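Those protein sequences? They're chains A and B, same order as listed. 448 is the number of the first residue of the first sequence in my numbering; add one for each residue after it. 5 is the number of the first residue of the second sequence in my numbering; add one for each residue after it.
Everything labelled a hint here was simulated from the structure, so no lab data went into it. Misleading hints may appear alongside valid ones.
[What the hints assert, rightly or not] Under 10 Å between C-beta atoms, here's a sample of chain B residues computed to sit facing chain A: (1) T33; (2) I101; (3) H220; (4) L222; (5) T225.
[Said to hold, decoys possible] To list a few chain B residues with every Cβ distance to chain A over 12 Å, as calculated: (6) G92; (7) R164; (8) D176; (9) R186; (10) E197.
Since we're looking at a predicted model, the values are computed, not measured. Note that beta-carbon positions come from the ideal geometry of N, C-alpha and C, so glycine has one too.
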Amino acid sequence: MKPLLAIALKSAWNRRLTLGLTLLAITLAVTLLLSVERIRQAARDGFAQSVSGTDLIVGARGSPLQLVLYAVFNVGEASNNVDWQSYQSIAADPAVAWSVPLALGDSHRGFPVLGTTPAYFEHYRYGDRQPLRFTAGQPFNGLFDSVIGAEVAAKLGYRLGESITLSHGSGPLPGLAHADKPFTVAGILAPTGTPVDRRVHVSLAAIEAIHLDWQGGAPVPGLAIPADMVGKFDLQPKTITAFLLGLHQRSAVFRLQRKIADYRAEPLLAVLPGVALDQLWQTVGVVEKALLGISGLVFAVGLAGLAAVMLASLNERRRELAVLRSVGAGPRHIVFLLMIESLLVTLLGVALSLAVVSVAAWLGGPWLAARFGLSTLPLAVSPGELRLLAGIFAAALLVSLWPAWRAYRLSLADGLIPRL
Amino acid sequence: MSHPAIAISNLAFRWRPADAFCLELANATVNAGKSLFLHGPSGSGKSTLLNLIGGVLLPARGSVSLLGQSLGELSASRRDAFRADHLGFIFQQFNLIPYLSVLDNVLLPCRFSARRARGVSEPEAEARRLLNALDLDPALLSRPAAELSVGQQQRVAAARALIGQPEILIADEPTSALDAERQAAFVELLLSEAKQAGSAVVFVSHDLRLAAHFDHSLALTA
């Protein structure tokens with residue numbers, strides 16, 4: 448078979464234009480397939496790790512998905528608030544290592560405002576248990592200090608010391624701005640690729656302060672408490688939206704979850720973020736399966752193209768095959784010659800795709816991670832990808848049998864003298 | 005060697021068992037170093053006979069023995085190996101693999117047959133010698149075969165058929181694409197090289213004027 452390999456290579460080189468185009472099609476198809484697989488994996492990992500290191504998310508009783516949506520992704524609204532007393536009492540459980548209260552409801556130019564405590568910057572984790580980092584400034588200190596996420600800073604061009612005003616609700620409706628109590632940007636967070644990037648963080652007391660002269664979601668007419676007067680009021684919040692819990696022992700999580708579900712004073716719900724995020728992904732994840740399916744179809748088109756080119760070349764190669772027969776090649780040599788060519792094109796295509804995908808992941812991975820919250824794109828081939836590659840080769844091998852079989856039949860029928 | 009190069013006895017061939025025989029040949033023998041001129045109208049089964057001698061087809065009846073070996077007793081892959089070892093072919097046209105160089109085309113049989121490669125101490129030097137003897141410009145040797153004229157291609161094909169001194173040389177109308185003067189010259193060159201190599205020659209043509217160059221002649225009838 449060894450002399451045939453050299454002949455196969457020279458023969459392929461002789462038809463390099465058509466084979467080159469086929470190679471391009473295969474390369475693009477496999478690149479698409481591999482990229483979708485890698486991005487799918489990264490998106491899934493990134494999504495599942497939007498919040499990590501948190502053992503329980505607690506909010507008013509309702510749907511677990513809704514709780515995750517508003518507490519983690521700041522999408523939608525809570526059906527009910529959580530009483531400050533309830534939070535205090537649950538956070539005091541001996542199993543609890545740390546707790547972070549979350550108060551939502553205001554926004555700044557479309558970005559959600561999150562009222563919380565400095566513990567947030569200490570305990571919040573994302574991705575592979577990475578802590579939040581500051582690119583500038585520090586956690587809020589003064590009452591009207593704010594810390595903004597990376598995307599807020601980038602989109603709005605904010606720097607430290609910038610003065611910003613918050614709006615009530617999720618949209619900037621005229622008259623519903625807290626224009627009388629402006630905030631100062633005291634810290635800017637590093638990009639995380641999670642919803643943190645879109646948040647404006649202020650203290651719980653500040654949330655309380657800007658709503659002092661409000662009632663039922665609107666300013667109380669005739670009542671205006673200037674910013675320098677709020678210090679005279681009790682700024683202890685009465686309610687919050689949700690809170691995060693970290694435990695000393697993970698093993699206590701189910702006991703505490705039950706305890707929260709049985710909490711007497713008000714109906715509460717505690718969810719394990721990993722489980723809830725997985726559930727959420729299952730509903731969103733149809734898209735990834737559809738994408739993978741479409742890439743599979745594109746690959747099938749590529750293979751069909753390969754088979755078509757090989758079959759079409761057979762007619763012009765009949766004489767070549769007959770000459771090889773006359774110098775001693777058997778039908779099995781002819782089959783080998785045809786199959787090695789298909790497999791060579793596939794092998795080259797896969798190698799090129801791997802190179803393209805790896806270079807793309809290397810160059811674009813950090814950007815994708817920051818921009819879309821994908822966990823870092825893997826540079827190495829994952830086991831799932833290996834299965835995919837094995838599938839690609841099996842499919843190519845199967846498809847290459849077809850022109851090879853046809854060449855075999857032709858060479859038997861033609862013998863040494865092709866009947867053209 | 006006591007065996008004749010080619011011994012055909014009581015041969016008959018048909019494509020399907022239900023068909024009538026399309027080729028029948030009672031007896032034909034070509035001894036080592038001898039040449040046979042085979043002629044007949046088209047449709048008389050010349051190509052079929054060449055495929056039978058090449059071991060690509062098997063007869064429905066009778067036998068083809070080459071060098072004392074009956075081809076019917078060999079497996080298909082043994083017949084392929086036997087063809088590579090002992091037979092050289094020249095066809096009417098399109099003998100060469102267009103993307104290989106002239107030299108690589110001539111050396112092809114040595115790649116498929118260890119015996120043919122062993123038969124010459126220096127395959128490449130032997131290829132050059134043969135091409136030179138067949139009057140081919142040495143400057144063409146590294147050119148792709150596709151760039152040669154038809155006459156040049158036929159001489160390269162002859163060199164390929166002769167390399168490694170196969171016992172049997174089969175030529176299927178190799179001169180039909182050449183003009184009359186060059187036909188005779190080509191046949192003379194081919195026969196003298198075959199004589200040197202000690203090869204038996206079967207030469208198929210419908211041009212009876214060439215018959216005089218050969219030891220025997222045999223007519224196939226449709």
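Hints and how they fare:
1. T33: violated (22 Å)
2. I101: holds (5 Å)
3. H220: violated (23 Å)
4. L222: Constraint on L222/B not satisfied, violated at 19 Å.
5. T225: Result: violated, 20 Å to nearest chain A Cβ.
6. G92: violated (9 Å)
7. R164: Label violated. Min Cβ-Cβ 7 Å, cutoff 12 Å.
8. D176: Its Cβ does come within 12 Å of chain A, the nearest being 7 Å, so this is violated.
9. R186: holds (22 Å)
10. E197: holds (18 Å)
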